[in-house]
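Number of protein chains: 4
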Amino acid sequence: MYRHIVQYYETDKMGITHHSNYVRWMEEARVDFLEKKGWPFARLEEEGIISPVLSVASSYKKPSKFSDKVDIEVSVAEFSGVKLKLVYKMFIGETLICEGESSHCFVNEKGIPIRLKKEFPDFYSMLEEELNK
Amino acid sequence: MYRHIVQYYETDKMGITHHSNYVRWMEEARVDFLEKKGWPFARLEEEGIISPVLSVASSYKKPSKFSDKVDIEVSVAEFSGVKLKLVYKMFIGETLICEGESSHCFVNEKGIPIRLKKEFPDFYSMLEEELNK
Amino acid sequence: MYRHIVQYYETDKMGITHHSNYVRWMEEARVDFLEKKGWPFARLEEEGIISPVLSVASSYKKPSKFSDKVDIEVSVAEFSGVKLKLVYKMFIGETLICEGESSHCFVNEKGIPIRLKKEFPDFYSMLEEELNK
Amino acid sequence: MYRHIVQYYETDKMGITHHSNYVRWMEEARVDFLEKKGWPFARLEEEGIISPVLSVASSYKKPSKFSDKVDIEVSVAEFSGVKLKLVYKMFIGETLICEGESSHCFVNEKGIPIRLKKEFPDFYSMLEEELNK
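Protein chains in written order, with my numbering: chain R, 1 to 133; chain D, 1 to 133; chain W, 1 to 133; chain L, 1 to 133.
FYI, nobody ran anything at the bench for these hints, they're computed from the structure.
You can take every hint at face value.
Listed below are the simulated DSS-like cross-link pairs for lysine-lysine, each with C-alpha atoms no more than 25 Å apart in a straight line:
{"hint": "1", "chain 1": "L", "residue 1": "Lys13", "chain 2": "W", "residue 2": "Lys85"}
{"hint": "2", "chain 1": "R", "residue 1": "Lys83", "chain 2": "D", "residue 2": "Lys89"}
{"hint": "3", "chain 1": "W", "residue 1": "Lys117", "chain 2": "W", "residue 2": "Lys36"}
{"hint": "4", "chain 1": "D", "residue 1": "Lys13", "chain 2": "W", "residue 2": "Lys13"}
{"hint": "5", "chain 1": "W", "residue 1": "Lys89", "chain 2": "W", "residue 2": "Lys36"}
{"hint": "6", "chain 1": "L", "residue 1": "Lys13", "chain 2": "R", "residue 2": "Lys69"}
{"hint": "7", "chain 1": "W", "residue 1": "Lys37", "chain 2": "L", "residue 2": "Lys13"}
{"hint": "8", "chain 1": "W", "residue 1": "Lys62", "chain 2": "D", "residue 2": "Lys13"}
{"hint": "9", "chain 1": "W", "residue 1": "Lys118", "chain 2": "W", "residue 2": "Lys37"}
{"hint": "10", "chain 1": "D", "residue 1": "Lys61", "chain 2": "R", "residue 2": "Lys85"}
Construct the entire structure; sequences and hints are all you get.
Structure (structure tokens):
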């Protein structure tokens with residue numbers, strides 16, 4: 001679980017969190033998830049693994065407000081070795097406020113797709129294990 | 001067509017536009033679209049029509065870079081009188097770089113759903129006309 | 001001390017944190033400071049104390065990068081009962097990376113200046129005590 | 001004069017533009033100013049001139065609101081060949097709403113200070129001419 005506390009500058013004139021920020025929190029939670037699994041961004045970068053965002057989606061159930069504590073759960077929904085789909089569930093307390101997803105591919109520094117299973121078997125195994133959870 | 005010029009502060013360490021900004025540009029284009037159709041935000045507000053975002057999605061085809069001129073086309077994909085779905089196509093020159101969508105409902109200041117056909121027939125007609133384009 | 005971890009979306013194409021974000025971190029640290037002193041935003045709001053930002057300034061000593069842990073120290077530099085000036089020192093480890101300041105006044109919900117000493121003596125005393133530290 | 005239209009996502013729960021955005025608008029206006037003077041960012045980059053922000057300051061006179069048209073005037077306040085200080089005046093119509101300033105130095109891609117007068121006499125002359133306006 002990753003916790004984001006809603007900042008004042010994330011609110012808008014409706015008095016609630018502006019919807020674009022949830023996409024940023026998904027990134028925060030994704031970075032935290034990978035770090036907890038032993039793959040902090042610095043390691044990915046050193047190994048030369050770049051993971052562009054192919055798509056995002058976000059579905060808003062309830063608003064959040066300034067200073068709310070938002071807990072974000074990340075899980076692997078699809079993983080083929082070439083593409084990865086993560087899903088996000090965001091809660092305030094027990095209440096689901098937002099569901100999101102993001103799709104990613106993996107390329108090297110030249111922009112060429114990486115075959116994770118062959119080139120980075122440890123990273124591949126971690127993601128496959130998460131998929132099967 | 002709405003034009004957004006990519007700002008320096010919208011780029012990230014990959015050297016390209018951070019993906020979260022496209023969701024903000026969808027809002028910019030939506031505001032512009034409604035204004036051009038005779039329904040600037042100020043008028044919606046005066047009439048007491050609030051239109052929360054229910055969901056957004058964004059699919060990235062090509063990156064954009066600082067100072068790129070991004071042209072955004074908005075169209076009505078679904079409209080029932082209760083819910084509205086807009087789709088967005090973003091171009092640099094002729095090249096499609098991003099497709100997006102957003103879903104909205106309509107509520108009054110008390111948060112109660114508005115039946116547009118009955119209560120705001122002009123607004124309803126405009127959206128239905130756009131749907132049938 | 002308030003800690004902000006630099007987010008990916010806060011970086012720019014130079015590969016470092018975009019300078020505008022430090023102004024946001026000053027707000028984060030200010031909110032945290034007031035909370036720790038017993039005046040969380042919710043309490044200020046309940047009491048009807050609004051504290052607009054009159055000015056900000058930020059001086060950059062060293063860049064910060066994605067995932068850096070930035071520790072922010074807030075202190076009261078000037079306080080007259082009518083105006084408040086806070087200063088901020090931001091560190092990565094022992095290294096000072098940024099100095100900032102913000103000025104504020106205090107108004108009620110009608111926008112009329114509040115005389116803190118008379119109307120909110122507890123809040124006044126806390127700020128004066130911090131000034132004399 | 002550079003014009004920025006206030007976006008919905010730039011507002012905060014006070015119903016006005018969040019103060020951090022003015023620092024971003026200063027960057028927008030600066031980029032536009034340099035482009036109009038014949039030095040678009042792309043040219044600076046090609047020539048290998050990097051211009052980090054050393055400090056910013058912003059003083060708020062009046063709030064701005066969603067959809068306000070903010071006109072920003074940039075001028076050179078100090079220029080020594082080594083350091084540059086720009087000042088910004090922001091208006092809604094005739095009303096001054098914000099004054100800002102930013103300081104910059106000039107370095108090459110290795111981070112070594114550039115002596116503009118010697119190495120980039122055209123850029124130097126343009127800035128000196130602006131200073132004497």
